[in-house]
Amino acid sequence: MDFFLTQLAGFGAEFIDLITDPVAYIYIVTSVFLGIVFGALPGLTATLAVTILTGFFGNKIPLDYSLIALLGAYVGAIYGGSYPSILLNIPGTAASAATAMDGHPLAKAGRGGEALGLTTTASFIGTLIGTTALLIFVWLLLLISQSIASPEKALLALFGILLSGTLMSEDLVVKGWIAGLAGLAMAMVGLDPLLSEPRYTFGWSYLFSGFQVVPVLMGAFAIPQIIEGLRHVNTGQLVALKGRIMPNTKAIKRHMPTIARSGVIGTGVGALPGVGEDVAGWVSYGVGKSVSHDGKNFGKGSLEGLLSSETANNACIGGALIPLLVLGIPGSPPAAALMGAFKLNNIIPGPTIDPEIILRVVAIMVLASFTMFLMGLFTAKIFIQILRLPQTLFLPVVMVLTTIGSFSVGGGINDLYLMLGVGAVAYLMNLMKYPIAPLVIGVILGGLFDETFRRSLLLSDGDLSVFVSRPGAAILLALNIALIASQFPILQRKFAKLRGR
Amino acid sequence: MTDDEKATLRTRDFWGALVLMALSLFFLWRTSFIPLFGENRAGVSGADWYNSAAIVPLGIWSAMFVLSVVLLVIAIRDGGAQRAFTAAGIGWDPAEAIRIATIAIILTFYIFGLVPRVDFIICSGLLITCLIFGYHGSHPRRMIMSAATMALAGLYALIAHFPQAEWGKPHDDDWVSLILWGALTLRTILTAKGPVIRAIPFVAAIVPLILVSAMAFGFRQNVPNRGGLFFSKIEYHYYVTLRPLWRD
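As they're listed, the protein sequences go chains A and B.
Note that the numbering used here has the first sequence beginning at 1, numbered continuously upward.
Note that the numbering used here has the second sequence beginning at 1, numbered continuously upward.
By construction, these hints were calculated from the structure, which means they are not laboratory data.
One or more hints might be untrue.
[As the list claims (entries may be wrong)] Derived DSBU-like pairs (lysine-lysine); straight-line CA-CA distance at most 35 Å:
1) Lys6(B) with Lys494(A)
2) Lys296(A) with Lys242(A)
3) Lys60(A) with Lys381(A)
4) Lys6(B) with Lys108(A)
5) Lys6(B) with Lys300(A)
6) Lys289(A) with Lys6(B)
7) Lys169(B) with Lys60(A)
8) Lys497(A) with Lys6(B)
9) Lys250(A) with Lys289(A)
10) Lys6(B) with Lys296(A)
11) Lys343(A) with Lys433(A)
12) Lys296(A) with Lys108(A)
13) Lys108(A) with Lys193(B)
These numbers come from a predicted model, not from an experiment.
Whole structure, please, built from the sequences with the hints as guidance.
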């Protein structure tokens, strides 16, 4: 109890500090607004919002304000995806795909205002659930992570890449692993961290410092989106909004168990390395459908279905920040962009992170969720107007934003060449249904894996038993092996037979 | 995923796996350039294999090779190899090929040719005009015209001022790009209709201007081609004419 009260006191001090700073409001209102716009426009994603803003705010303003801008955009974009899902039946972001299943039937039935009011409230509560989990669990995990040494760090980084590859694969799991390995391979370029040996630099001095994170993020997330989106798309008929967008307190009270369950699921899925808000939304929707009495009406305009996905995808944000802050492993693709911002500011997330940054992040998340809630209720009409913009109009603007953002981060024109190269590869990967998230996670964690793996061997004089002799390492190694083995057809068949018995 | 889509995907996987295998072998060969067994490395001699900078890349590319073999086996088992040499097999769509090829031309000439050499406001204005005019409504002729315009501007800049020493000045490539931008805008206004097309000149002129000014004077960051035709004048007047107004 004391621990919880200490945490609350620390959070309270940071929150008061935040809300008494007038400049913070400029950043939070602007970034949440931009985030909702990015989320609401089909063709733009939450990851893209955070990535582009990283290019603009990552290292150009004090870290406190850059965190406000990035977290505000993250929270806003995940929520903003619900607008086109409900009114157009086109998910604004992958995270709100499940929202369309019940949101659009509700809008067609003339209950669009009620649906938007409920998603606004559910997103708000979901963000708060995730943030509360962040406040509590991040400290417990930080205590545990103090005893983590190089072998555990190496195996954890590998587990993050493998898990992300396994869960984010739309087609074959092997493609997710290949994407993760491609990311790891990209992280090997440059001078190695222990001996400063040049690797794959081909005599180009720019490559000596390795691939920069921001151009890679811009290339991986923005360029494929721009290439894919530059086509004529029939946006469909915008359903006329009937009724006021107000929180339906009776419905919220009635469905509080659903909201609480979805919040917990969203937070849990978010805490898995590299698994994003889209998976959280679908898992929560699936669980809701199987446990709810109203399950048969899911997909036909069920309020419970709507609340299941929308609460979970926003709760996922807090969850995704837990492994990022504690272990330096991003919990979702937008969190990977946040990791890029931390790196730009020379902050290494992990057991040695400054505790004040964590409390600051929690305070920003709470303020961002309040801002999102108020904007959702009072400025929704602006966002509905934005839905009419064709993507052929705003994607060229995004290309210019991406170019100048990537250029100004540091590497100049070479960063643009890298961005375009990574973008072309990422587009081909999208075309062949390779997930992009494991690639980015691989690029971000590659350096950590290389350094800690080799340091473990160095300290043990090349004795590989260092990866099994420590209990934590042994557990992580077993998890890695189990994850790989679970994809072997022979083992899958045997497991299915055992389950049948 | 329908059966047809899956079949196309497996055919692409067949080719993808072959490319991955070739890449893995190439990089395994390149990894052999990094000392592995006890050679002198980075000035340190007598170190062991586990110290080597090659150990992790070796594991990565070996794993990549194994996974690409697995992918190849899956693709062949699902019929990917049988359809590998047919246009339908790989899902060839001429309209989509024109779209992708023209976008590739536009982005390549923009990044490699124009951004380093031409004023950012001009080249980004040209880019926005080309992309909206070319792809709004999905007309293949407009796509080709946009790509040709961008290629012309990019080729001129690349050929006339290839060395880095000539990127800032002179401004003939800025003028060529500006004239092409103006011509395409005129063509757009005269022939195409609709609110989106009418918005092109405004979006194309205002967005790059605001962005480059915000980045240079608001965030005080480096921007592409500071010596460009327009930006050099904007920067001059910002520091000489405008800034003294509030600094004094």
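Structure-based check of each hint:
1. Distance hint between Lys6(B) and Lys494(A) is fulfilled; the C-alpha atoms sit about 27 Å from each other, no more than 35 Å.
2. Straight-line distance between C-alpha atoms of Lys296(A) and Lys242(A) comes to about 26 Å, which keeps the hinted pair within the 35 Å bound.
3. A hinted pair counts as satisfied when its Cα atoms are at most 35 Å apart, and Lys60(A) with Lys381(A) qualifies at roughly 32 Å.
4. Our distance criterion of 35 Å between C-alpha atoms is met by Lys6(B) and Lys108(A), whose separation comes to about 33 Å.
5. With a C-alpha separation of about 29 Å, the suggested pairing of Lys6(B) with Lys300(A) holds against the 35 Å cut-off.
6. With a C-alpha separation of about 28 Å, the suggested pairing of Lys289(A) with Lys6(B) holds against the 35 Å cut-off.
7. Between Lys169(B) and Lys60(A), the direct Cα distance comes to roughly 28 Å. Compliance with the 35 Å bound is thereby established for this hinted pair.
8. Proposed proximity of Lys497(A) and Lys6(B) is supported: the alpha carbons are some 28 Å apart, at most 35 Å.
9. Among the hinted pairs, Lys250(A) with Lys289(A) is consistent with the structure: their alpha-carbon atoms are about 21 Å apart, no more than 35 Å.
10. Restraint check for Lys6(B) and Lys296(A): the C-alpha separation of about 30 Å stays at or below 35 Å, so the hint holds.
11. The suggested pairing of Lys343(A) with Lys433(A) holds, with an alpha-carbon distance near 29 Å, which does not exceed 35 Å.
12. Restraint check for Lys296(A) and Lys108(A): satisfied, since their Cα atoms lie roughly 19 Å apart, inside the 35 Å limit.
13. A C-alpha spacing of about 32 Å is found between Lys108(A) and Lys193(B), which places the hinted pair at or below 35 Å, so the restraint holds.
This entry satisfies every hint, going by the numbered hints stated previously.
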